[in-house]
Amino acid sequence: MTFAAWLHHTPLSLALQSQVQWLWPLCEGLHFTGLALLVGVAGMFDLRLLGFMKRVPVAVVQEFMPWAVLGFGINLVTGLVFVVSEPAQYFSNPTWWVKVAFIVVSGINAVVYQFAFGARAARLAPGDDTPMSFKVIGAVSLVSWFAVLWAGRMLPFIGAAIGAGL
Amino acid sequence: MGARPRPPGRVVKPLLDILQRLQDSSFSVAFVSSPSIWAYPTVLMLHTVGLAMVVGPNAVLDLRLLGAGSRLPLAALRQVFGVMWIGFAINASTGLLLFVSEAADKGTQWIFFVKLLLIALALTVAVLTKRLVFGGETDPSHPVPPRAKVLAVASLVLWFGAIIAGRLMAYLH
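Just so you know, the sequences run in chain order P and F. FYI, in our numbering the residues of the first sequence are 1 to 166. FYI, in our numbering the residues of the second sequence are 167 to 339.
Honestly, I wouldn't trust all of these hints.
[Stated by the list, open to error] Some, not all, of what chain F presents toward chain P, calculated at C-beta under 7 Å:
id, residue
1, Met211
2, Ala218
3, Gly222
4, Ala225
5, Arg237
6, Leu238
7, Leu240
8, Ala242
Hint data in this document are derived by calculation from the structure and do not stem from the laboratory. All C-beta atoms in this analysis are idealised placements derived from N, C-alpha and C, irrespective of residue type, glycine included.
Construct all of the structure, not just a fragment, from the sequences and the given hints.
As structure tokens, then:
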């Protein structure tokens, strides 16, 4: 039995499947809401790293980041609802794996920033330009979150046909 | 498509005919049935990019007005409106394409009109917020006026409501 087939028969998956009629639309609506929160807040921070809004200290813009984490949390939970209730439809879709890969890139990028540059960012004063390394972090984050959005929105159109063996 | 329970009246019928003609136009048919990912899927994807550009920056401003990240000078968030209007232009144009191509189906969905109403109200709230906070009568460095907090809550509720109504268009016919 494949992992997808096993997951599809777990009590959790069966419970989600039985509520799919209202649960799926609700989670989709929340998934788009979380997306706006995540991209809006993280995008503003990325723009600061890239050198926009120099008058504002990086650390001050970073105070909003818990809201981006909330957006990500909403999307992780609602995303898991989709995957656990219909695992095969995602696992067999290469575009879904592209999405997952870019989420991993975004995650690693954020962790690298936090551990390698966090202390340096706190020392940046208003008006200071960001070093090149910060600009790279900001650009990678911005590009990879939009890649996540692109792959997520395109996965019913691009990979689904491949996954279904067409 | 789209079963109608009652025969349309004298006013409604011509409107429905227009919607149907839009949906049946060679442009709409080509746009919807094109196998290219650069047609319908890309327009739909751009509609989501625009959504993020409108609602994301708005949410940042609203959260700031409600007390989040209060060390951030409000004046720095004036630029939020620039990003928002670019996002809105993307979504008005992609939204128009998506509507025209399925005019008879979407134009008869009540949830679509709920979405449009929520967007109209949210835009009104955004303009009022801009006037109140950045309009000159209030110094952005002063404490946030209570009225701006009311507008911020309304903005969050209306934009998130618009997103959910838009998503429900795939389900409520």
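Could you tell me which of the numbered hints above are not met by this structure, giving the numbers in increasing order? Failing hint: just 7.
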